[in-house]
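Protein sequences, first through last, are from chains A and B.
Mapping to the UniProt record's numbering: the first sequence position 156 is 156, numbers consecutive.
Mapping to the UniProt record's numbering: the second sequence position 331 is 331, numbers consecutive.
Just so you know, the hints here were simulated from the structure itself, not pulled from any lab data.
None of these values were measured; they are calculated from a predicted model.
Any given hint could be a false lead.
Claimed, not checked - List time: in silico DSS-like cross-link candidates among lysine-lysine, alpha-carbon distance up to 25 Å: (1) Lys57(A) to Lys173(A); (2) Lys261(A) to Lys305(B); (3) Lys112(B) to Lys9(A); (4) Lys57(A) to Lys112(B); (5) Lys9(B) to Lys57(A); (6) Lys112(A) to Lys169(B); (7) Lys46(B) to Lys112(A); (8) Lys112(B) to Lys24(A); (9) Lys199(B) to Lys169(B); (10) Lys57(B) to Lys112(A); (11) Lys35(B) to Lys9(B); (12) Lys46(B) to Lys35(B); (13) Lys261(B) to Lys57(A); (14) Lys284(A) to Lys57(B); (15) Lys24(B) to Lys38(B); (16) Lys199(A) to Lys169(A); (17) Lys284(A) to Lys313(A); (18) Lys46(B) to Lys9(B); (19) Lys87(B) to Lys112(A); (20) Lys169(B) to Lys189(B); (21) Lys112(A) to Lys24(B); (22) Lys112(B) to Lys46(A); (23) Lys261(B) to Lys284(A); (24) Lys46(B) to Lys261(A); (25) Lys46(A) to Lys57(B); (26) Lys57(A) to Lys57(B); (27) Lys46(A) to Lys57(A); (28) Lys112(B) to Lys87(B); (29) Lys57(B) to Lys9(A); (30) Lys24(B) to Lys305(B); (31) Lys38(A) to Lys309(B); (32) Lys261(B) to Lys112(A); (33) Lys24(B) to Lys309(B).
2 protein chains.
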Amino acid sequence: MATIYEVSKLAGVSLATVSRVMNKTANVSQKTKLKVEKAMLDLGYKPNSVAISLASKRSDCVGILVTQLDGMFFGSMMNGIESELTKQRKHLVITAGHNVEHDERAGIDFLKSRNCDALIIHAEVLSDEYLIELSQGDTPIYILNRHIPEIAERCIHLDNQYGSYLATKHVIKAGHTEVLHISGPRYRKDAQERIIGFKQAMYEAGLPVNESHIFEGDYGHSGGAAAIDYFMQQRLSFTSIVCANDHLAVGAMARLRDFDKIPGEQIAIMGFDDMPFADCTYPKLTTIRYPIREMGKLAADYVLKDVYKVQQKIPPSSFEPTLVIRDSVLNLSK
Amino acid sequence: MATIYEVSKLAGVSLATVSRVMNKTANVSQKTKLKVEKAMLDLGYKPNSVAISLASKRSDCVGILVTQLDGMFFGSMMNGIESELTKQRKHLVITAGHNVEHDERAGIDFLKSRNCDALIIHAEVLSDEYLIELSQGDTPIYILNRHIPEIAERCIHLDNQYGSYLATKHVIKAGHTEVLHISGPRYRKDAQERIIGFKQAMYEAGLPVNESHIFEGDYGHSGGAAAIDYFMQQRLSFTSIVCANDHLAVGAMARLRDFDKIPGEQIAIMGFDDMPFADCTYPKLTTIRYPIREMGKLAADYVLKDVYKVQQKIPPSSFEPTLVIRDSVLNLSK
DNA sequence: TTGTAGGCGTTATCAT
DNA sequence: ATGATAACGCCTACAA
Numbered sequence: 001m002a003t004i005y006e007v008s009k010l011a012g013v014s015l016a017t018v019s020r021v022m023n024k025t026a027n028v029s030q031k032t033k034l035k036v037e038k039a040m041l042d043l044g045y046k047p048n049s050v051a052i053s054l055a056s057k058r059s060d061c062v063g064i065l066v067t068q069l070d071g072m073f074f075g076s077m078m079n080g081i082e083s084e085l086t087k088q089r090k091h092l093v094i095t096a097g098h099n100v101e102h103d104e105r106a107g108i109d110f111l112k113s114r115n116c117d118a119l120i121i122h123a124e125v126l127s128d129e130y131l132i133e134l135s136q137g138d139t140p141i142y143i144l145n146r147h148i149p150e151i152a153e154r155c156i157h158l159d160n161q162y163g164s165y166l167a168t169k170h171v172i173k174a175g176h177t178e179v180l181h182i183s184g185p186r187y188r189k190d191a192q193e194r195i196i197g198f199k200q201a202m203y204e205a206g207l208p209v210n211e212s213h214i215f216e217g218d219y220g221h222s223g224g225a226a227a228i229d230y231f232m233q234q235r236l237s238f239t240s241i242v243c244a245n246d247h248l249a250v251g252a253m254a255r256l257r258d259f260d261k262i263p264g265e266q267i268a269i270m271g272f273d274d275m276p277f278a279d280c281t282y283p284k285l286t287t288i289r290y291p292i293r294e295m296g297k298l299a300a301d302y303v304l305k306d307v308y309k310v311q312q313k314i315p316p317s318s319f320e321p322t323l324v325i326r327d328s329v330l331n332l333s334k
Numbered sequence: 001m002a003t004i005y006e007v008s009k010l011a012g013v014s015l016a017t018v019s020r021v022m023n024k025t026a027n028v029s030q031k032t033k034l035k036v037e038k039a040m041l042d043l044g045y046k047p048n049s050v051a052i053s054l055a056s057k058r059s060d061c062v063g064i065l066v067t068q069l070d071g072m073f074f075g076s077m078m079n080g081i082e083s084e085l086t087k088q089r090k091h092l093v094i095t096a097g098h099n100v101e102h103d104e105r106a107g108i109d110f111l112k113s114r115n116c117d118a119l120i121i122h123a124e125v126l127s128d129e130y131l132i133e134l135s136q137g138d139t140p141i142y143i144l145n146r147h148i149p150e151i152a153e154r155c156i157h158l159d160n161q162y163g164s165y166l167a168t169k170h171v172i173k174a175g176h177t178e179v180l181h182i183s184g185p186r187y188r189k190d191a192q193e194r195i196i197g198f199k200q201a202m203y204e205a206g207l208p209v210n211e212s213h214i215f216e217g218d219y220g221h222s223g224g225a226a227a228i229d230y231f232m233q234q235r236l237s238f239t240s241i242v243c244a245n246d247h248l249a250v251g252a253m254a255r256l257r258d259f260d261k262i263p264g265e266q267i268a269i270m271g272f273d274d275m276p277f278a279d280c281t282y283p284k285l286t287t288i289r290y291p292i293r294e295m296g297k298l299a300a301d302y303v304l305k306d307v308y309k310v311q312q313k314i315p316p317s318s319f320e321p322t323l324v325i326r327d328s329v330l331n332l333s334k
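Construct the entire structure; sequences and hints are all you get.
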């Protein structure tokens, strides 16, 4: 790999001049500029971004912390971020936290040690205190899918509780009184919030909520299936299930059929997130739209504006969960 | 951020010694070692990996090029890679190529300029020649989902054509004679191969293949829906569709229902990839298993073994597409 | 407009 | 066992 030094030698100029034509940081005469550019081409010169980063203390990289690299949710989130950043030739470095405090911490440490210019964080288990402290460091951070009052201006989130409330209310409005909940892992904030929203709507309607009516799944298909197994084994009587995400809903629908219960007809199923496949299931999934891709984009736009000073048209953003009615929640009164 | 120099000052040793205790690269007396460790703790010292990378010419990072960050396929692939690498405290830097030559090139350039120790590449549009040349550079590369004879030892792939052949044959065996194909974008190698496999099985069975029986989709749900719209508009008579991936299949199944054609009963649907949701659709999707996660893991294992000299038990790997029979292809003869 | 030289935070090679 | 002191490849005042 050719270095800037070799380019300067070949072009017969100092290496400072080479640096200048690369960065357009000062005026360079047309003649020398051409000489330098030719030399770069001849040598196939590619700047070493590690050296640039060390010398300039910026990296043109923004670090992302997600829980895992697979799954539609994080896929959409990363895609949203990437699509915005790429436009401005910024790169992303991604680490996975795996729902484990150590990994989340290590991930953030790594991103910071790589001189990331900013961090976009989806942390599951890190404490609010830690994040607050982190926000006071020299690397700007933006927090996705979480609300921390002390640093609200850094948080892009959506009211999970209200979303779940909406979902449950829709089911109740459709005439259901025996409604169960399949939640996500309880140590996850969003899962907790969705449980609360569920309970809130139930209480409001004067419907009983028993802890045994809530199954703790894993946010994956298998969690939905396990929930059905559990509910059936408990011989619970129910006509509807509010699921904490679409994956759980899909898993539940499939397992329900194994028990000859037809989702959408005998059992109403409510999803959450409105993942891309939600309108391709059968029955099509009624769910709560969670615009994670747009939220990712917004986070990226903030970074672009705050850190890279690229003028961004940032829309007046307030993300609200909204009900998307499709076919999986039948109206009992009809 | 504290530097190694400050640590050395606080500990009263030279910075070389500090480097030694960090890297256990030479013997250090117990006493000074403790002094240094205390100093590091007191200062909350975190090594700057950019500086390490510049000085040592390694980064403990492996670069990944994928087409996009969302979608189950790439999710599984990244997850497989990450799960192996994380075990050995190696990180990954991910770039997206977007099916565009410029982006793929730029992605690779970026990864190399970041001093990545190795590259795992899923390139769509880069030429074989380019990749062959790249493989001769100083950064080891591993190529996923593609076969280039000249550098076969760097390629981890699977026989797409044979997989598609298997799929089509299964449908034919089930008694179908009017079978259509929904393909992926034709500029993609795997899509081309799957088309060939489809045609091969059809020819072998003496069944007619008309180019109008093949619809070029986008590998997403919408492509599947668009295909059905097209087929219906053409007033084609058909009882089965071989889809180039599961997303297309799911999209097609949903759209089929809009036309009151019941997938799995009136129309046989064959998928490809066996994505995690394939056993949660209704009807459950008969498909070809494409073990992309395992292939990602293998690529990571190669890197670990070849580049990082970490002993890996690498199984005698040859990935074969296999038929996964579920419920979406009905047997006409029964 | 162009060149010189110090610095970014480590590693690594010599000495001692 | 420990300490100087060059690299590493680039940026950036400061000079010229």
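Here's how the hints hold up against the structure:
| no. | hint | result |
| --- | --- | --- |
| 1 | Lys57(A) to Lys173(A) | violated, 57 Å |
| 2 | Lys261(A) to Lys305(B) | violated, 50 Å |
| 3 | Lys112(B) to Lys9(A) | holds, 23 Å |
| 4 | Lys57(A) to Lys112(B) | holds, 19 Å |
| 5 | Lys9(B) to Lys57(A) | holds, 23 Å |
| 6 | Lys112(A) to Lys169(B) | violated, 53 Å |
| 7 | Lys46(B) to Lys112(A) | holds, 9 Å |
| 8 | Lys112(B) to Lys24(A) | holds, 23 Å |
| 9 | Lys199(B) to Lys169(B) | holds, 10 Å |
| 10 | Lys57(B) to Lys112(A) | holds, 19 Å |
| 11 | Lys35(B) to Lys9(B) | holds, 11 Å |
| 12 | Lys46(B) to Lys35(B) | holds, 16 Å |
| 13 | Lys261(B) to Lys57(A) | violated, 60 Å |
| 14 | Lys284(A) to Lys57(B) | violated, 53 Å |
| 15 | Lys24(B) to Lys38(B) | holds, 16 Å |
| 16 | Lys199(A) to Lys169(A) | holds, 10 Å |
| 17 | Lys284(A) to Lys313(A) | violated, 35 Å |
| 18 | Lys46(B) to Lys9(B) | holds, 16 Å |
| 19 | Lys87(B) to Lys112(A) | holds, 21 Å |
| 20 | Lys169(B) to Lys189(B) | holds, 21 Å |
| 21 | Lys112(A) to Lys24(B) | holds, 24 Å |
| 22 | Lys112(B) to Lys46(A) | holds, 9 Å |
| 23 | Lys261(B) to Lys284(A) | holds, 16 Å |
| 24 | Lys46(B) to Lys261(A) | violated, 56 Å |
| 25 | Lys46(A) to Lys57(B) | holds, 16 Å |
| 26 | Lys57(A) to Lys57(B) | holds, 18 Å |
| 27 | Lys46(A) to Lys57(A) | holds, 19 Å |
| 28 | Lys112(B) to Lys87(B) | holds, 23 Å |
| 29 | Lys57(B) to Lys9(A) | holds, 23 Å |
| 30 | Lys24(B) to Lys305(B) | holds, 22 Å |
| 31 | Lys38(A) to Lys309(B) | violated, 40 Å |
| 32 | Lys261(B) to Lys112(A) | violated, 54 Å |
| 33 | Lys24(B) to Lys309(B) | holds, 18 Å |
Hint compliance for this structure: hints 1, 2, 6, 13, 14, 17, 24, 31 and 32 are broken, all remaining hints hold.
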